[in-house]
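Undergrad: Sequence:
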Amino acid sequence: MTPVDPIRVLIVEDSDDDAVLIVRRFHSAGVPIEHERAETAAQVAEALDARRPDVVISDYNVPGFGAEAALQLLHDAGIDGDLPFIVVSGEVGEETAAALMKAGAHDVVLKDRLARLVPAVQRELREAADRRQHRLAEDALRRSEERFRMLAEHAQDIIFRCRLVPELALEYISPAVRGILGYEPDQLYADPGILYSAMCDNGMERVLATWRDPEPERLTVQWRRPDGRFAWTEQRVVRITDDVGTPVAVEGILRDVTEAVLAEQERERLERQLRQTERLESLGQLAGGIAHDFNNLLAVITGYSEMIDDSMAPDDPARDDLDGIRAAARRGAGLTRQLLIFSRREPSRPERVDLNEVVRATHILLQRTLGEDIEVALDLHADLRPVVIDASKLEQVVMNLVVNSRAAMPDGGRLSFTSGLVRNVDDPRPPPPDEGGLVYLTVADTGCGMPADVAQHAFEPFFTTRGPGEGSGLGLATAYGAVREAGGEIRLDTAPDRGTAVTIYLPAAAGAAAPTAPARPPAPDGVPGGDERILVVEDEDAVRELVRRTLERSGYRVAVAAAPIEALRLFDARPQDVDAVVADVVMPGMSGTAMAAKMLEQRPELPVLFVSGYTMGQAPGGYALPDGAPLLRKPFEADALLRKLRGLLRGTRQG
15 MTPVDPIRVL IVEDSDDDAV LIVRRFHSAG VPIEHERAET AAQVAEALDA RRPDVVISDY
75 NVPGFGAEAA LQLLHDAGID GDLPFIVVSG EVGEETAAAL MKAGAHDVVL KDRLARLVPA
135 VQRELREAAD RRQHRLAEDA LRRSEERFRM LAEHAQDIIF RCRLVPELAL EYISPAVRGI
195 LGYEPDQLYA DPGILYSAMC DNGMERVLAT WRDPEPERLT VQWRRPDGRF AWTEQRVVRI
255 TDDVGTPVAV EGILRDVTEA VLAEQERERL ERQLRQTERL ESLGQLAGGI AHDFNNLLAV
315 ITGYSEMIDD SMAPDDPARD DLDGIRAAAR RGAGLTRQLL IFSRREPSRP ERVDLNEVVR
375 ATHILLQRTL GEDIEVALDL HADLRPVVID ASKLEQVVMN LVVNSRAAMP DGGRLSFTSG
435 LVRNVDDPRP PPPDEGGLVY LTVADTGCGM PADVAQHAFE PFFTTRGPGE GSGLGLATAY
495 GAVREAGGEI RLDTAPDRGT AVTIYLPAAA GAAAPTAPAR PPAPDGVPGG DERILVVEDE
555 DAVRELVRRT LERSGYRVAV AAAPIEALRL FDARPQDVDA VVADVVMPGM SGTAMAAKML
615 EQRPELPVLF VSGYTMGQAP GGYALPDGAP LLRKPFEADA LLRKLRGLLR GTRQG
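Numbering (our numbering), first residue to last: 15 to 669.
You can take every hint at face value.
Have a look at the derived ranges for each label pair, beta carbon to beta carbon: (1) 374 x 223: 54 to 60 angstroms; (2) 468 x 392: 24 to 30 angstroms; (3) 108 x 147: 30 to 36 angstroms; (4) 449 x 278: 29 to 35 angstroms; (5) 512 x 449: 32 to 38 angstroms; (6) 374 x 330: 41 to 47 angstroms.
Hints listed in this document are in silico derivations from the structure and should not be mistaken for laboratory results.
Where a beta carbon is used, it is the ideal one built from N, C-alpha and C, also for glycine.
Turn these sequences into a full structure, and let the hints guide you.
TA: Put into structure tokens, the structure is as follows:
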């Protein structure tokens, strides 16, 4: 068959329409074919006898016949190994596909992905041609030494002959070794030990083991080339025996499979990365939900603690106990914030940030915490471009990495910060001036490191190797969430007794970093109340009651609703009797944002204060939180609620 000859295709299919679809695929790809359709064993056998096709395309399930039966027919005829056989099916499970491949099928193509069919046929035809070429080469090797040499000099694969007795010696190796392994044949004749030392992972021992086998199996060997690169070959050999059957030599070929091996390694890496990403995304959704519920509880604890505090005498000895409760609630709020950062549901205020300045500020802040037994080294790129990220979250990321490194070095060590600019995570070269590239920061320590089975869980929330009370297990999880939210990536390089290096990559931004915002003046003491009519919408009973009591204690007139539908009924009855709305964001049936949108259709000037444990992303039942919408994050203090509401009401009146 020449490049212009049509491909002879035998289609095993009982449906004319499906057969036409297959033929049209070839025509649309510009591949000429001659096809014949068969739907019974007899018709298949007749077609094979009349004129052998180049490829068989079989439906998996033909009534009374099918792909498995067709494969068996080819096997019985002794031609199944050379003739490409591709199964086309509407739906087939992984186990069935694996069974078909084991039975001799070369590929399985789903009918809803017929775009794969023509490339698969072309690939299998090329591989079938390769198999025929190599088989002819191996036959020629056995028949004639002279013919072997003539063929070997022009083969793409490495062809070799090794003597086994009286000692192991390389007798011949083809010029293809130059391109595949990087050595000249004359080098290897002079010192065959070069080949042995170039094999990785005890390769020579495995090769000799296959040579001792009466029926040597194919063996893939990794080689280290003289230029430092790696190559992989697949060995196929035959044993040469003397008159009494004693092996005296081996002859065979080494086929270059480097591209296939590297492609498989990349596929496995991407699969691992995908599984890791999917697992962390699932954990993020779970963490966000937990944090939301936990923030509701903390809001109740904080609010009622304040009410009790207001009712106690200044010298009441129980005030210390109450302070302990509030401090625990604040610590809990810090943990939930890290959970929300990990799940990317923490509100963000992205701005241009100088990563080097964040590192320097963190270093100064933690100098005493690190202790004198930790040597700190800063290697920061002088002209680093800014990154766009929430500054407080970036500070939290760097802080968490430093704390983790300190914990890994209880007896002291070295902590280094390295920043720079690269093209991408796999290309460390600096980007051209007209390209943004990625800004990176590596925080590395000389601590205990982590084994692979621990490292694969390092970014999961609450996963920690420290003892009880020594860590929350949220450090790397928080870093992961903040970096991914900013469009970046995070990599972990660690091994036992070799320390740990965490590198974050963030897209470089144009322009200069934003200046540090000046500190806000403290709010004046005393929160003014009011007598306005406030509608509170909250599905959590305890939180709803807390907000009601807080507002009523400040003079407001309060109506409450446990669900958006109930609130809309109250509002629609007398919309002018509501001066402001305080609403949770996430509630069953309808989100607070969707409810507020309906109210604002009637009263565009209506002040609405959203209260929530998390707000990022699409809210169940309605809209995401509008840009710039007033938001009070749980848990909150009574003063914060009253000030926020008062500000909204004043703004409405001034408007």
